Every structure is written in C-alpha cells, then in structure tokens.
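Letter by letter, the sequence shown follows residues 107 to 262 in my numbering.
Take every hint as true, because none was put in to throw you off.
Estimated spans, in silico, between C-beta atoms of each pair:
no.	residue 1	residue 2	range
1	207	186	28 to 38 angstroms
2	144	206	33 to 43 angstroms
3	154	258	10 to 20 angstroms
4	199	246	16 to 26 angstroms
5	195	147	13 to 23 angstroms
6	248	183	31 to 41 angstroms
Here are the computed lysine-lysine pairs in the DSSO-like style, where the Cα-Cα straight-line distance is at most 27 angstroms:
no.	residue 1	residue 2
7	202	174
8	226	202
9	174	136
10	174	129
11	129	139
12	202	248
13	248	207
14	182	129
15	226	207
Hints in this document: simulated from the structure, not taken from any laboratory.
Predicted model only: the values in this text are computed from it and were never measured.
For glycine and all other residues, C-beta sits at the position ideal for the given N, C-alpha and C.
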Amino acid sequence: MSNGSVLIDTNLLLLLIVGLCDKNIICDHKRTKNFTVADYDLLVSQIDGFSSIWVTSHCLAEVSNLLKQTHKQQGKQLLSCLSTFVDRAHESHISKVNIFKNEAYLSLGVSDTGIIQKSKRVSCVYTVDLDLYLRISRLGRKVINFNHLRNQILLA
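Using the sequences and the hints given, assemble the complete structure.
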C-alpha cells in the first residue's frame, strides 16, 4: 500500500458505491449503466494502492442525490452503503470563497472546482471527466483519466 492519497470524482464515487453495494446493479443503475463490473474491479484495484481515499463534500452531496435515482428500496440500500464508505474515507470541505473565486467555476461548476482545489493536497486524482482531467493536468498535478485505463485494457 502506498502512503499516498487519492481523490475520486463524482462519477467514479458513484461507481464505487454502487459496486460496493452490489456489483450486479452497476449496469442497471441510471447513473452507472455506462460502466461495467470490470470497470468497478479496475477502479478498486487502482485505489487500493493508496493509504487514504478523499472525497469532497460537494461530491458527496451530488452522489447522495444521484444514488437515489432508482427504486426506493434500492436507493435506501445505496445510501446506506455510502454512509458506510464515508466512515472510512476522508472528506474535504472547500469553502465557497475558494470555489466561486476560482476561474474554473464558470466552466466546470462547484464540484469539479472543489476537486481542482483539493488536487494540490493529494497524491493523485481519478476522474472520467475530460475537462477536469485536462485542467488538473495543466496545473502540473497527478491526475488519471479513468477512461484511458479502460481503453488500455480493451486494447490489450
């Protein structure tokens, strides 16, 4: 295990929570149906190498709302899994001043701007969002576009 820390974006946090809860619903949930069980396994194998997993409070809020976009019982189950995950993860709260005064806010929004802010304090960021990936990369910070990893496996 690395001593490093990893920050994951909203879409990957959704995949992680749905997969932790029940891998079989990854392809069925409205917000994760573009992912596969193999994607979930790849994500887990990637982040297992880090000593700490970080999420921003803005991503947590988004994820809690997006997880409920399913039938009521499954939504409750997914929210319970999110609650269990949060007990093990580290949460970063980025102040409104730091978000709304950041030039990235106007093009990327609140959650992604929070990730950009936090990216300077973690070892690596994982995202499927190309615009977020490019922005963090241009800042010289370590960022992995998860879609690149998925494509490498498909081409192998």
